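Trainee: What follows is each chain in one-letter form.
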Amino acid sequence: SQQGEEDPQALSIQEGENATMNCSYKTSINNLQWYRQNSGRGLVHLILIRSNEREKHSGRLRVTLDTSKKSSSLLITASRAADTASYFCATEGAGGYQKVTFGTGTKLQVIP
Amino acid sequence: DTAVSQTPKYLVTQMGNDKSIKCEQNLGHDTMYWYKQDSKKFLKIMFSYNNKELIINETVPNRFSPKSPDKAHLNLHINSLELGDSAVYFCASSEIRQGSEQYFGPGTRLTVT
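Chain order of the listed sequences is R and A.
Residues in the first sequence are numbered from 131 upward in steps of one, following our numbering.
Residues in the second sequence are numbered from -8 upward in steps of one, following our numbering.
Warning: the hint list may mix true and false statements.
Said to hold, decoys possible - The list that follows gives simulated cross-link-like pairs (lysine-lysine, DSS-like), each with its CA atoms no further than 25 Å apart: (1) A/LYS27 / A/LYS43; (2) R/LYS199 / A/LYS27; (3) R/LYS229 / A/LYS43; (4) R/LYS156 / A/LYS62; (5) A/LYS31 / A/LYS62.
Claimed, not checked - Just a few of them, taken from the derived set where beta-carbon distance is under 8 Å, the chain R residues facing chain A: (6) THR150; (7) LYS186; (8) VAL230.
Read the hints as simulated data drawn from the structure, not as lab findings.
In this text, all values refer to a predicted model and were calculated from it rather than measured experimentally.
Here a beta-carbon is modelled for each residue, glycine too, at the ideal position from N, C-alpha and C.
Could you build the full structure based on these sequences and the hints that come with them?
Mentor: Written out as structure tokens, the structure reads:
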């Protein structure tokens, strides 16, 4: 199974601190994406990193990808209460036809 | 302007019934998906359609039958509902190329009693 495993399952931090979430996967990928899900809502795309990229930034988000270790991390800097949500990594397999497999998710709570 | 919409938002029904969930996207995307999210928040793909053609059909009981009347709509019909079907069902859409971000609907919470 390509399914990503995320670590930690839950994370609670104070507003202003940085939050780091990790994702590990099992087989070769074309790209890895991160999504956010607010409680009771659908998922929202945050950022995509391709297999030939090692790091990508978008605003307060920093994503790294290590294909040799089959792992990725998402860093949210200077967190805000509005960042409280579940975060999922999603991998698109090298052989698959646009089949995206989601990880187990990290539930982030940012305390004001 | 809602990009991906689903109806209904909530669905409560008894075991053995048949129900449908509708999905529409106004983004002009060629690809649409159905996902199931269980109580542990695990999100699993069920089906994917490209221009009304089924391209991904995961190990899903044949009680679940998707139908795409046109590329903007992907409906999900479920026969003989079981307790284990209780979950949140998400519709999503994307462009046809690899690496396209998926746009998710708000979800349909199905409760089977």
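Trainee: Are the hints correct? Go through all of them and say.
Mentor: Here's how the hints hold up against the structure:
Restraint check for A/LYS27 and A/LYS43: the C-alpha separation of about 20 Å stays at or below 25 Å, so the hint holds. At roughly 29 Å between alpha-carbon atoms, R/LYS199 and A/LYS27 are farther apart than 25 Å, so this suggested pair is violated. This hinted pair checks out: R/LYS229 and A/LYS43 have alpha carbons roughly 16 Å apart, not beyond 25 Å. For the hint linking R/LYS156 to A/LYS62, the alpha-carbon distance of about 33 Å lies beyond 25 Å, and the restraint is violated.
Taking the CA atoms of A/LYS31 and A/LYS62, the gap is near 31 Å; set against the 25 Å cutoff, the hint is violated. This hint is violated: R/THR150 has a C-beta 19 Å from the nearest C-beta of chain A, more than the 8 Å allowed. Hint on R/LYS186 is violated. Least Cβ distance to chain A is approximately 13 Å, over the 8 Å limit. Checking R/VAL230 against chain A: minimum C-beta separation of about 7 Å stays under 8 Å; hint holds.
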